[in-house]
Structure formats: structure tokens, C-alpha cells
Amino acid sequence: MIRIPAKVLIVDDEKDFVEMFSLRLSEGGEKVFTAHSGQECLEKLKQENIDVVVLDIKMPGMDGVETLKEIKKRYPIVEVILLTGHGAIETAVEGMKQGAYDYLLKPADAGEMAIKLEGARKRKDAQEERIRKAEQKSLLRRGGNL
Amino acid sequence: MENIRLLLVDDEPDFRAPLKKRLARRGFIVLEAGDGDECQAVMNDAPVDVVVLDVKMPGMNGIEVLEWIKENHQKTEVIMLTGHASTVDGVEGIKKGAFDYLTKPLEFPHLVQKIEQAVEKRRREDEKKQEVAFKEKMEQQMISTERLASLGTLSTGIAHEIDNPLAIIKESAEYMRLLLSKADHADMPRKSDFENAVGKIETAIERAKRITHQLLGFVRKPETFFAETDLKVLVAETVEFAAKGAEIKGIQIVQDMEGANGILWSDPYKIRQVLFNLLTNAIHAVESDGTITVSLKGTDARVMLIVEDTGCGIPKENLEKIFEPFFTTKPPGKGTGLGLYVTCGIVERLGGEIDITSQVGKGSRFQVTLPRSRKACGDMGDNKELCVDILNKIKGDPAK
Numbered sequence: 001m002i003r004i005p006a007k008v009l010i011v012d013d014e015k016d017f018v019e020m021f022s023l024r025l026s027e028g029g030e031k032v033f034t035a036h037s038g039q040e041c042l043e044k045l046k047q048e049n050i051d052v053v054v055l056d057i058k059m060p061g062m063d064g065v066e067t068l069k070e071i072k073k074r075y076p077i078v079e080v081i082l083l084t085g086h087g088a089i090e091t092a093v094e095g096m097k098q099g100a101y102d103y104l105l106k107p108a109d110a111g112e113m114a115i116k117l118e119g120a121r122k123r124k125d126a127q128e129e130r131i132r133k134a135e136q137k138s139l140l141r142r143g144g145n146l
Numbered sequence: 001m002e003n004i005r006l007l008l009v010d011d012e013p014d015f016r017a018p019l020k021k022r023l024a025r026r027g028f029i030v031l032e033a034g035d036g037d038e039c040q041a042v043m044n045d046a047p048v049d050v051v052v053l054d055v056k057m058p059g060m061n062g063i064e065v066l067e068w069i070k071e072n073h074q075k076t077e078v079i080m081l082t083g084h085a086s087t088v089d090g091v092e093g094i095k096k097g098a099f100d101y102l103t104k105p106l107e108f109p110h111l112v113q114k115i116e117q118a119v120e121k122r123r124r125e126d127e128k129k130q131e132v133a134f135k136e137k138m139e140q141q142m143i144s145t146e147r148l149a150s151l152g153t154l155s156t157g158i159a160h161e162i163d164n165p166l167a168i169i170k171e172s173a174e175y176m177r178l179l180l181s182k183a184d185h186a187d188m189p190r191k192s193d194f195e196n197a198v199g200k201i202e203t204a205i206e207r208a209k210r211i212t213h214q215l216l217g218f219v220r221k222p223e224t225f226f227a228e229t230d231l232k233v234l235v236a237e238t239v240e241f242a243a244k245g246a247e248i249k250g251i252q253i254v255q256d257m258e259g260a261n262g263i264l265w266s267d268p269y270k271i272r273q274v275l276f277n278l279l280t281n282a283i284h285a286v287e288s289d290g291t292i293t294v295s296l297k298g299t300d301a302r303v304m305l306i307v308e309d310t311g312c313g314i315p316k317e318n319l320e321k322i323f324e325p326f327f328t329t330k331p332p333g334k335g336t337g338l339g340l341y342v343t344c345g346i347v348e349r350l351g352g353e354i355d356i357t358s359q360v361g362k363g364s365r366f367q368v369t370l371p372r373s374r375k376a377c378g379d380m381g382d383n384k385e386l387c388v389d390i391l392n393k394i395k396g397d398p399a400k
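Protein sequence lines, in the order shown, are assigned to chains F and V.
If you use this note's numbering, the first sequence corresponds to residues 1 to 146, in order.
If you use this note's numbering, the second sequence corresponds to residues 1 to 400, in order.
None of these hints come from the bench; they were simulated from the model.
For clarity, every value in this text was computed on a predicted model and none was experimentally measured.
Be careful, since some hints might not be right.
[Stated by the list, open to error] Below 27 Å or equal to it, Euclidean Cα-Cα: the simulated DSSO-like pairs (lysine-lysine) are: (1) Lys97(F) <-> Lys124(F); (2) Lys121(V) <-> Lys15(F); (3) Lys44(F) <-> Lys31(F); (4) Lys137(V) <-> Lys20(V); (5) Lys31(F) <-> Lys182(V); (6) Lys31(F) <-> Lys58(F); (7) Lys58(F) <-> Lys209(V); (8) Lys122(F) <-> Lys137(F); (9) Lys116(F) <-> Lys182(V); (10) Lys56(V) <-> Lys129(V); (11) Lys73(F) <-> Lys97(F); (12) Lys182(V) <-> Lys7(F); (13) Lys209(V) <-> Lys15(F); (14) Lys116(F) <-> Lys209(V); (15) Lys15(F) <-> Lys20(V); (16) Lys137(F) <-> Lys73(F).
[To be verified] Reference listing, derived: stretches of chain F covered by chain V, where coverage requires no fewer than 3 residues with Cβ under 8 Å from a Cβ of chain V: (17) 22–36; (18) 101–108; (19) 116–129.
C-beta: ideal position from N, C-alpha, C; glycine also.
Build out the structure end to end from the sequences listed, making use of the hints.
Structure, rendered in C-alpha cells:
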């Protein structure tokens, strides 16, 4: 079976981290985009049809939680995985209440990251599938009414 | 006025005897001395609170006796008795430290009043001394608490800053690991050397991560969960858990849990962590064939959990430092130096305290005192008002 690569957007102000992380994910077969601020993240989301955003909570300017709220407002079905320092689990919990899929402690484990990415992507696929079906139904019904 | 010890010093027995009777009726404990030498003997035997001292005596006169008393028994108050015509002696007595003087013939109510005033003065001075000592102790404690707190703030700040570059190192190492596993690198020259080096980086990352996470995980308040906890059950479970490590070294862990009721309202998970840390430390400290004893003591309000070992002990110079973060005597990579720091923080959060006594070569004794209920947290005992007052003074002092 051919695996369709997930479109992942990595958002972190640590450029070296973004670079190495994206290299590794690309090598693993994902389609990776990067951004170094909340603002840039929102622009990338406008241009690309992203599946999962991996979002650092602590960023200068627009921080992770603000960015998350904006993402969920504009693109509610895009999944977000939060990256957090160990001390900021409360913020991660808050983020998940705002609609984030899950969180990971920095420095995150490659294995765990892979599992969560997969999970996030599946949830988005499933959601899109349901939307498609619902749309079909509504189209059919409208057709019947004519 | 209870248990006030009075000493009458006068060379006339006929004067002393009736006075003694009347004073004893008022509830004083009255002692007698016929001259300066006797007075010294009585006072050296056991201290007295107030001396009623005649100025005119054969041998040592009253002023000499007064000088001796003030030199050797500073806390004792002296009331001088002078002849009607010689108030000069009384004034001189006051200059030399007497509380006051009375002229003969005595009016009994005056004497009683003077004695009571002298006792009152002594009581106030004792209180003041206690307060000073208490204040000093509190200040000492505040200094060490503040020191620990600032060390904590500093180290968590560092831990945060380290986590970020650590994440980059980890990503890079994982990327290299991934590349090495790819088919197009199968025939790479010296591939195993690279793999070995990447492995070393990965191990070191894990080690650094353990330190930063332990530090951050403790300082940010992980939620405490209070429930009825039975220390006896908890100790039995934890000891069983720690016993494997002890068995390998041939150490025996003894539970002596019948000393008190083990039920308290606290956070069982946190207590378990504390106990486990203390047991682990004890196991590290004890050579083979040693013993670790876990025992229980308690009152209605508090429970004392004691972990004693027959290990190497802690040298005096280390005792003050063992609760500081990163203080360790273990070789690099073996101990993080955070165990007791975290333990101490947890116990404080549960409203308790840790006391240590240790003797090098004999062993150490860690006593964790916990309140039985949450109400007792922050209980300062009888001195509560004084404590609060002094704390406020210390905090409000701009010189500090």
C-alpha cells in the first residue's frame, strides 16, 4: 500500500531545531513545511493544505497558545500537536482544551512523535471523511427534492 | 506566684524566722542564710529568683554579697534592706545592680509587693531573651530557605534553557541515526564507529534530560492529591519495592511500625516518593550486611516516619548542603544531586519537616514529621502569634 505523506508544518523559533526536525521527518517520508513564528505559521496555513501543525508553546511575539487559538478559529480541522517544556504541562493541558490533539515534552522522543503524528493525521482524515459523507448525503437529499 | 524561690539573708535569726513564716504563707519557697558565706553556699547549691539582703552584716557586708551575686548569678534579683538612717547604702546597692531597697523596720505588704515586682522584671527579661533567641533561629531558617529557593529558581531557569538546545541535539542525533539505517548507507566506511558515537550522544541526551525533567517536574507544582493514607500499608509496599536493591547488597530492611497509629490525611503518592528516596539513599549508604530500619512514632497531631541506616553517615560539613540541588557525593552520572532536594520540597509542601542526625561511620537517621490533617499544616504551635509577628518584622526590615 502506498502511504500518502502527511503534510506537517513545524513551528518553532529555534531554527536549528526546525531544520533538524524537518530533515528527519522528510527522510521518514512526510511532506514538511516550516515556520519560525506564529504569524508565519498562519501564512503557511493559508498557502498550503496542512494536515498537522507541530507547534512550540514558547515563542516570542505571538506565542503557541495564541497561535493555536487562531489556527482553530480559521482551520478547525487542522490538527495541532503542542511542544512544551517540561515545566509547562498546565499550558499544554490548556492547549488541549482549546482543541490541540496532544502534546509532547521537549526534547521529544522520535518514537512518540511518530505515534502522535500518525494519530493526529488519522483523526483529521477521519473527520474529513465524515464531512465528505455528510456533504454527499446533503447533496442527495437536495437532489431528491428537485 | 508559684515556685518562686526566695532567699533571706540576715544575721538575726529572730528577724528571719517570722518573716520566713509569713512569706511561706504567701506561697513562696523561702530559704535562709545567716551571712554572706551561707548565702553563697545556698545559691551555688541551687539558683534562687529573689534575694532579700540585709546591708549590715558581720563578715561580708550586704554590698559585697550583692557584688558577688551580680557577678555569679546575673539573673537573680536582689532587694536590699537598710537601716532607717542609712538610705545611702540602699542607693549604692541600686547602683550596683540591686532591684530596689527597703528600709527597716519592714512593712510586710511593701516587701511582698517589691518581691512580686522583682519576679515580674525577671519574667519579662526571660521572655525577651527567649524572643531574641527565637528571632535568631527564625532568621537563620529564613536565610537557608531563601537560599534554597533562589537556588531552585536559578536551576529551573537553567534547566529550561538547556532543554531547548537539548532538543536540537536530540533531533540531530535521531536524524543521523535514521540516515545510518538507510539502505544507501549500508556500505558506508567506518559505519559502526559512527553508530557508536551517535549512541554515546543519545545516552548523554537521556542523562541530561533526566536532570532537567526531575528539576522542572518538581518545581512546577504537580497537583497534590490528598486522601486518607495508612503509613503502615504504604511503608510495607514501598519497602517491598525497594527490597530488591537491598537484597543484592545483602542489606536487611526492618519495619518497626507498631510505635503509633499510621493513619493520616495526606498525599500517598508524594509520601511514597519521599520514602522511596530515603530508602534508596539508605541503600546506597549501607555496606553489605547492614540494616535499614523504618519506624513510626506519633502524636494526635503528627506522625513521624523514621528511616535509620547503619551506613557510612554524613560528614558534618555536608549536612548543611545535602538539601541543595545538585549536591551529590556520587560519581558523575550516578546521582543527579536532586533526590533530597526534591524530597525536602515535597515534605514542605505536605506541611511537614525533615530532621537528620548522622554520625560518620555509624549511620544516619532521617525523620519525616507530617501533620495528620491538613489543618495542622503551617501550625506553629503555642508561639503562633509570636511567630507571625517576628516573621512580619523580619520581612518588613528593609536592611534584610
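Hint by hint, here is what the structure shows:
| no. | hint | in the structure |
| --- | --- | --- |
| 1 | Lys97(F) <-> Lys124(F) | holds, 17 Å |
| 2 | Lys121(V) <-> Lys15(F) | violated, 74 Å |
| 3 | Lys44(F) <-> Lys31(F) | holds, 13 Å |
| 4 | Lys137(V) <-> Lys20(V) | violated, 42 Å |
| 5 | Lys31(F) <-> Lys182(V) | holds, 18 Å |
| 6 | Lys31(F) <-> Lys58(F) | holds, 24 Å |
| 7 | Lys58(F) <-> Lys209(V) | holds, 18 Å |
| 8 | Lys122(F) <-> Lys137(F) | holds, 23 Å |
| 9 | Lys116(F) <-> Lys182(V) | holds, 23 Å |
| 10 | Lys56(V) <-> Lys129(V) | violated, 34 Å |
| 11 | Lys73(F) <-> Lys97(F) | holds, 14 Å |
| 12 | Lys182(V) <-> Lys7(F) | holds, 22 Å |
| 13 | Lys209(V) <-> Lys15(F) | holds, 21 Å |
| 14 | Lys116(F) <-> Lys209(V) | holds, 20 Å |
| 15 | Lys15(F) <-> Lys20(V) | violated, 93 Å |
| 16 | Lys137(F) <-> Lys73(F) | holds, 26 Å |
| 17 | 22–36 | holds (count 4) |
| 18 | 101–108 | holds (count 4) |
| 19 | 116–129 | violated (count 0) |
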